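Sequence order for the protein chains is U and E. Counting in my numbering, the first sequence tops out at residue 886, every number present. Counting in my numbering, the second sequence tops out at residue 911, every number present.
A hint or two may mislead.
[Claimed, not checked] Each computed DSSO-like pair below joins lysine-lysine, with the alpha-carbon atoms no more than 30 Å apart:
id	chain 1	residue 1	chain 2	residue 2
1	U	Lys830	E	Lys903
2	U	Lys844	U	Lys830
3	U	Lys844	E	Lys843
4	E	Lys870	E	Lys880
[To be verified] So the derived label-pair ranges between C-beta atoms look like this:
id	chain 1	residue 1	chain 2	residue 2	range
5	U	Lys844	E	Ser908	40 to 46 Å
6	E	Thr868	U	Gln790	44 to 50 Å
7	U	Lys844	E	Gln815	48 to 54 Å
8	E	Glu871	U	Ala826	33 to 39 Å
9	E	Ser853	U	Thr884	38 to 44 Å
10	U	Leu812	E	Glu871	25 to 31 Å
11	U	Leu833	E	Tyr852	26 to 32 Å
12	E	Pro841	U	Gln790	24 to 30 Å
What the hints contain is simulated information worked out from the structure, not anything from laboratory work. Just so you know, these numbers come straight off a predicted model, no measurement behind them. Note that CB positions come from ideal geometry on N, CA and C, so glycine has one too.
Spelled out from the first residue to the last, the chains are:
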Amino acid sequence: DTGVSQDPRHKITKRGQNVTFRCDPISEHNRLYWYRQTLGQGPEFLTYFQNEAQLEKSRLLSDRFSAERPKGSFSTLEIQRTEQGDSAMYLCASSLAIGGEQYFGPGTRLTVT
Amino acid sequence: EDQVTQSPEALRLQEGESSSLNCSYTVSGLRGLFWYRQDPGKGPEFLFTLYSAGEEKEKERLKATLTKKESFLHITAPKPEDSATYLCAGGTGANSKLTFGKGITLSVRP
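The task is simple: from the sequences and hints, build the whole structure.
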């Protein structure tokens, strides 16, 4: 069990550019979650998938954000036309089916200049 | 709106000085109460899940308890390596969405 992995670990981009992050969940975990965490705050829920289906999206997820999980394996989170307010740690987590505890990856820290 | 509040925001202890961290919650349809540990620059590390009032779980120097409105994380004889931010979260909808508090930053001095 290698745990949840995320790539890249750090990303610096200029305002207006698009960025994409990848998350590989623990194998056999069919639920995958994305959260965003800013300094001094707890993680905030963005969206989650069961297998390849995106089942819930937070109102925090504006039209510039899109997430996919093709074939129910890895997931990508894309942010288009980045803004300085998008600077945060983006965390991915996975769990076994219903009610399982969520295991988090190391996160991708995004800095928008 | 679901809300999780943790107190105090920061706690400084001497090694061996036991204490408790508080998590109060107003989460409709709570399915589970979760505790995580987070070290700087890393993702949260799962510690405990509590499902019903009166439940307790222990792991090394940590013990988590749950009432109908609050959860406590008791730290017995802490060591410097226990220094971290401790996050509490309420799970709803088959625990598909976790609502986190801001966390409590614990510092244990040798």
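Hint-by-hint comparison with the structure:
Distance hint between Lys830 (chain U) and Lys903 (chain E) is fulfilled; the C-alpha atoms sit about 21 Å from each other, no more than 30 Å. In summary, the hint linking Lys844 (chain U) to Lys830 (chain U) is supported, as the alpha carbons are separated by about 19 Å, within the 30 Å threshold. Under the criterion of a C-alpha separation no larger than 30 Å, the hint pairing Lys844 (chain U) with Lys843 (chain E) is consistent with the structure, at around 28 Å. Of the supplied pair hints, the one linking Lys870 (chain E) and Lys880 (chain E) holds, its CA atoms being roughly 29 Å apart against a limit of 30 Å.
At roughly 44 Å, the beta-carbon separation of Lys844 (chain U) and Ser908 (chain E) lies within the given 40 to 46 Å, and the hint holds. Range check, Thr868 (chain E) to Gln790 (chain U): about 48 Å between beta-carbon atoms, so the 44 to 50 Å window is met. The supplied range of 48 to 54 Å is met by Lys844 (chain U) and Gln815 (chain E), whose beta-carbon atoms lie about 52 Å from each other. For Glu871 (chain E) and Ala826 (chain U), the Cβ-Cβ distance of about 35 Å falls inside the hinted range of 33 to 39 Å, so the restraint holds.
Taken as a hint, the range 38 to 44 Å holds for the pair Ser853 (chain E) and Thr884 (chain U), whose Cβ atoms sit roughly 42 Å apart. At about 26 Å, the CB distance of Leu812 (chain U) to Glu871 (chain E) agrees with the hint of 25 to 31 Å. Under the hint 26 to 32 Å, the C-beta atoms of Leu833 (chain U) and Tyr852 (chain E), about 27 Å apart, fit the expected range. Checking the proposed 24 to 30 Å range against Pro841 (chain E) and Gln790 (chain U) shows it holds: the Cβ atoms sit about 27 Å from each other.
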